[in-house]
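Number of protein chains: 2
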Amino acid sequence: MQFSYSNPTNIFFGQGQIAAINTVIPADSKVLVVYGGGSIKKNGVYDQVAQALEGYQWQEFSGVEPNPTVETLNKAVEIVKAEGINYLLAVGGGSVIDGTKYIAAASLYDGDGWDIMTGDYKVTGALPIGAILTLPATGSESNKGAVVTKKATQHKSGFLSPFVQPKFAVLDPDSMKTLPERQQLNGLVDAWVHVCEQYITKPADGMVQDGFAEALLKNLKALGDDFANRDSDSWRANLMWSANQALNGLIGAGVPQDWATHMMGHELTALYNVDHARSLAIIQPSLLRNQIEFKRDKLEQMGKNVFGLQQSADLAERTIDAIEGFYHSLNVPTQLTEHGGDKAAAISEILEQLKSHGMTVLGENQSINVDEMNKILDNAVA
Amino acid sequence: MQFSYSNPTNIFFGQGQIAAINTVIPADSKVLVVYGGGSIKKNGVYDQVAQALEGYQWQEFSGVEPNPTVETLNKAVEIVKAEGINYLLAVGGGSVIDGTKYIAAASLYDGDGWDIMTGDYKVTGALPIGAILTLPATGSESNKGAVVTKKATQHKSGFLSPFVQPKFAVLDPDSMKTLPERQQLNGLVDAWVHVCEQYITKPADGMVQDGFAEALLKNLKALGDDFANRDSDSWRANLMWSANQALNGLIGAGVPQDWATHMMGHELTALYNVDHARSLAIIQPSLLRNQIEFKRDKLEQMGKNVFGLQQSADLAERTIDAIEGFYHSLNVPTQLTEHGGDKAAAISEILEQLKSHGMTVLGENQSINVDEMNKILDNAVA
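Each protein sequence line maps, in turn, to chains A and B.
Just so we're aligned: 21 in UniProt numbering is position 21 of the first sequence, and the numbers increase by one with no gaps anywhere.
Just so we're aligned: 318 in UniProt numbering is position 318 of the second sequence, and the numbers increase by one with no gaps anywhere.
Bear in mind the hints are in silico, worked out from the structure with no lab data behind them.
Take these hints with a grain of salt, some might be off.
No copy is singled out in the list; a pair is fine if it fits within one copy or between any two copies.
To be verified - Computed cross-link-like contacts, EDC-like style, restricted to lysine to aspartate or glutamate with a CA-CA straight-line distance of at most 20 Å:
{"#": "1", "residue 1": "218", "residue 2": "300"}
{"#": "2", "residue 1": "41", "residue 2": "324"}
{"#": "3", "residue 1": "202", "residue 2": "233"}
Looking at chain A on its own, in the form it has when it is part of the complex (with noise of 0.2 Å):
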């Protein structure tokens, strides 16, 4: 076992943390606060933020999507460029956090900010970021990766650099208090897939690594089995938290990752406009299945160790059937319907989208290629 780790990002955890955000910014900042759709407007966190940077020189730009997009995110890019912006503060969940991570290095790219996506620019520098987290599930907020989006081909696609690492994260649990009933859900369910790519793979003698992501697993199992309590301060905490350490780096570092899921979820958000957490609980059972040699002994682990299950021959299945009907419990589907009915041409465009973004072989055994993804596809499409 071999890794370099550092998590740098001070948090600050708690509820009336957002004041403390001008003690990290420096007082000479000219701040861009980039932000959603408003909700933040709503809930309060907005007049939160604008009390803390009084004295600050800050302009603001909004509208960046779910699953944001290099077209929105360019037109940051201008304003930070042409108002000579040098920090920029990030309002939301992962969408917004990881749009500001682009707009941050793009900012200091002469060229086209897609080509950091293509690894054609290497990040080489970044604007300073501060993140003030309103949607727990990607642990964005402290970690050095982010998604975006290319409207124009449909392509989603991800880069990690530790220039775009925010500076400050605060995770404050009441500025969830106001998030609808289907992010709360699709945040647990990807702060747990977000696991599972880091543990789900082959066992590599990492104790601390697998303990520590079964507790995650455990706590997010019972936030999630105790959904009706959701509006309690202890459930949103408990929630935020969790979310941050499932993809901060700390329970991947030194052991296999796999993130197949991910890759191929990503082409139903940008085909089909499903939500992010929903794509991993339509790819997820059907792709464990599907590799389940693979990855019995940890299924069986994760069977004992997450859901008390007792050893048995079929015990990696029944822990595949476990992890299936905690999406149902929380009515989250495990099925494709959003293509609009023609499964076989599904799974044609959505294997062809794979191609062309250079997705034929995924895995951490290298072991799902264009057949294996096909016969996930027949699965996990209704």
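Using the hints, position chain B against chain A.
Only chain B this time, still in chain A's reference frame:
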């Protein structure tokens, strides 16, 4: 739940990672390599460090004791000031790293370095530190705390400052290969008690903190039970990463902490030269029995989630027995015998030391006064 947290230390984990230090120590640094009694010359670590530092201006300071003393460390401070050292490289276990933290802060202070420990000087800066860990136990390699001793007064005291947190830490399990059995055991017990001090308090609804703490306790229990197989890459790597996570601030963020066992144990070390970890094993079971009504809920939780015990009216009592049994299974004593045989005199002497160091009320509930300390010692001293 409210907290601030970050952990900026760059971790380089794995075999061969010592070679990476020249990627993070600036080339123009004037480095002081700080180490202890010379074991690093026998196990090859010194040679690897020397090779990695080729091309740097560097010199060394050896002789940092277990439970490092300001009397020794101040000699290093003089060298730093005289030679214009601007980077400190600690190579050793917690004592060497803690001592180096003191050197780093005291070197930028004109007064008596002990002022750092008394709080008369609040640290406002420190030389940068890198750490090469050879004995996993204290977590000092990636936290901001240090404990040092004033030999003249037998006062063992701690300080916390973000300025002394190492910039990087190398955790190469191979560097543990020549550790004596006693130090392996001490490391395991020390890490175990670190988790307990942040976990066996009162319920605070921190699902992540509790889940991670339980994962670490289960790891350490498993590694203790598997002590016969300690001469393996797996055992070493898992102890090293578990002990690091046990005290890097993560599991204690936002939840109550105790540390009374440490405060009382420190006096056993100062007075009778008891190994730090062993001083904790002596105090803890007695302290837990004394404080059981305050800690019953978390002890029951630990009994179920760490030891796999069933609920019963005396579950908390059985959990303490299980903790003590774990120490005994490792041949780690839980009673003080190093005091020379006069129990009453020893207790009196320990209480005097505690009082003279201002330790008159301890514990997360401030419920351990001198009377309770007396009772705790009555069961802890043979």
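request  = Check each numbered hint from earlier against the structure, then list the numbers of those it violates in ascending order.
outcome  = Violated hint (a single one): 2; every other hint is consistent with the structure.
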